[in-house]
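2 protein chains.
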Amino acid sequence: MNKNLILQNIAKHIQLNKKEADYFLTLLKEHKLKRKQFLAVENDVAFVTKGCLRSYSIDTNGFEHILQFAPVDWWIGNMRNLIPQNNNLLNIDAIEDSEVLILSRHDQLKLFDEFPKFERFFRILMERALVSANRRLMDILALTAQQRYESFCKYYPTLINQLPQKYIAAYIGVTPEFLSKMKSTALKNT
Amino acid sequence: MNKNLILQNIAKHIQLNKKEADYFLTLLKEHKLKRKQFLAVENDVAFVTKGCLRSYSIDTNGFEHILQFAPVDWWIGNMRNLIPQNNNLLNIDAIEDSEVLILSRHDQLKLFDEFPKFERFFRILMERALVSANRRLMDILALTAQQRYESFCKYYPTLINQLPQKYIAAYIGVTPEFLSKMKSTALKNT
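Protein chains in written order, with the working numbering: chain A, 1 to 190; chain B, 1 to 190.
If you're looking for bench data, these hints aren't it; they were derived computationally from the structure.
Some hints could be false.
Identical chains blur together in the list; that is why a pair holds if it fits in one copy or across any two.
[Said to hold, decoys possible] Calculated cross-link-like contacts (lysine-lysine; reagent style DSS-like; alpha-carbon spacing at most 30 Å):
| hint | residue 1 | residue 2 |
| --- | --- | --- |
| 1 | K18 | K110 |
| 2 | K3 | K18 |
| 3 | K32 | K18 |
| 4 | K117 | K32 |
| 5 | K18 | K117 |
| 6 | K12 | K181 |
| 7 | K154 | K181 |
| 8 | K117 | K29 |
| 9 | K117 | K19 |
| 10 | K154 | K19 |
| 11 | K110 | K188 |
| 12 | K36 | K3 |
| 13 | K12 | K110 |
| 14 | K19 | K110 |
| 15 | K188 | K29 |
Pulled out of the complex, with its shape left as it was, chain A reads as follows:
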């Protein structure tokens, strides 16, 4: 288990003593995924220690729309049943061979009761995820496809070369052909 990576991730927002860190680590379950393999989580969260995952939905016409990418050192989940009226079925799968540490919702809630400082950690994580989701919402409504691509490059500089182009297209909300055309136009203009 890549203990150091996840403990360093936690240490960005809260300080743990040895007892707290040891207890936390006992709750995690290691899970390996082959490329294209689904991650079956309901309200559980997964921390990526190798590879890259994505969450996405499929519309009635069969098109995939990507909500989030999760490379190494990111958290991902689908929070499927957290609110009753949520009918949005998100899938999570591995873009390449990957490894994650899973914290089940049950264990997460137990952890909050046991050590409330973890509630702080996940409150901060949720706040940041919400700021990002809101920014992306405004981007989709206000920006052109070209500007959304530039915004993606700016916010996820490490992902640009790591991800297959079709996934970036599905995130921005254009076809892979349109993305390719946009990129060649941008190159000509530089």
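Based on these hints, arrange chain B on the given structure of chain A.
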């Protein structure tokens, strides 16, 4: 101050004793807004006790894009500086004469230190807001304008008749003329 309404809102997720409730209420500041008046908050949160507010951004062409509506019993904020790379400037204003209770970020953080159960309350609030934001993101990418309008009606049934049509159009991402056309087509089909 509408103490009961906000205490009932808090009681949906955590139970407070008298000392905790009293302390919490001392941190709130009442604020009245006239229609179209801006609410100046940075990372503070506001709880609506009368009227209705909205948060929105204005794109480079001068078009407004609405992120959120906040009728009575809802929370609203812009979390402007919570993450460093967030350059999204959200405005908040009152759609009608309104009243809010403001909890400053400074006092919120103090509250978390004093009574960690409030950290639970806002963690849950953030989780739910994130689920909603993610669902809306997927809606914008996957649904037609007509389906987005139906989704809005389903999730915000109380807002349909309360809000001026131009605001609903700015939320869905269509012009008011297109919304009006869509609604008359939907009526013909029923």
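Okay, the hints, checked on the actual structure:
1. In this assembly of identical chains, the alpha carbons of K18 and K110 lie at most 30 Å apart whether taken from the same copy (18 Å) or from different copies (26 Å).
2. For the identical chains of this complex, K3 and K18 are intra-copy neighbours only, at 13 Å inside a copy versus 42 Å across copies, given an alpha-carbon limit of 30 Å.
3. Taking identical chains as interchangeable, the C-alpha atoms of K32 and K18 lie at most 30 Å apart only when both belong to the same chain, with a minimum of 27 Å there against 49 Å between chains.
4. With identical chains, the CA atoms of K117 and K32 are at most 30 Å apart within one copy only, with a shortest distance of 29 Å there and 35 Å across copies.
5. Taking the shortest Cα distances, K18 and K117 sit within 30 Å of each other both inside one copy (14 Å) and across copies (24 Å).
6. With identical chains, the CA atoms of K12 and K181 are never at most 30 Å apart, being 40 Å at best within one copy and 51 Å at best between copies.
7. Only within a single protomer do K154 and K181 lie at most 30 Å apart by alpha-carbon distance; the minimum there is 19 Å, versus 38 Å between protomers.
8. With identical chains, the CA atoms of K117 and K29 are at most 30 Å apart both within one copy (21 Å) and between copies (27 Å).
9. Both within a single protomer and between protomers do K117 and K19 lie at most 30 Å apart by alpha-carbon distance, with minima of 13 Å and 22 Å respectively.
10. In this homomeric assembly, K154 and K19 never come within 30 Å of each other (Cα to Cα): the closest approach is 39 Å inside a single copy and 47 Å across copies.
11. Proximity of K110 and K188 under a CA criterion of 30 Å is satisfied in neither setting, with 55 Å inside one chain copy and 53 Å between copies.
12. With identical chains, the CA atoms of K36 and K3 are at most 30 Å apart within one copy only, with a shortest distance of 25 Å there and 52 Å across copies.
13. With identical chains, the CA atoms of K12 and K110 are at most 30 Å apart both within one copy (22 Å) and between copies (20 Å).
14. In this homomeric assembly, K19 and K110 come within 30 Å of each other (Cα to Cα) both inside a single copy, at 15 Å, and across copies, at 26 Å.
15. Taking the shortest alpha-carbon separations for K188 and K29, neither the intra-copy value of 48 Å nor the inter-copy value of 55 Å comes in at or below 30 Å.
Going through the hint list in order, the structure does not satisfy hints 6, 10, 11 and 15.
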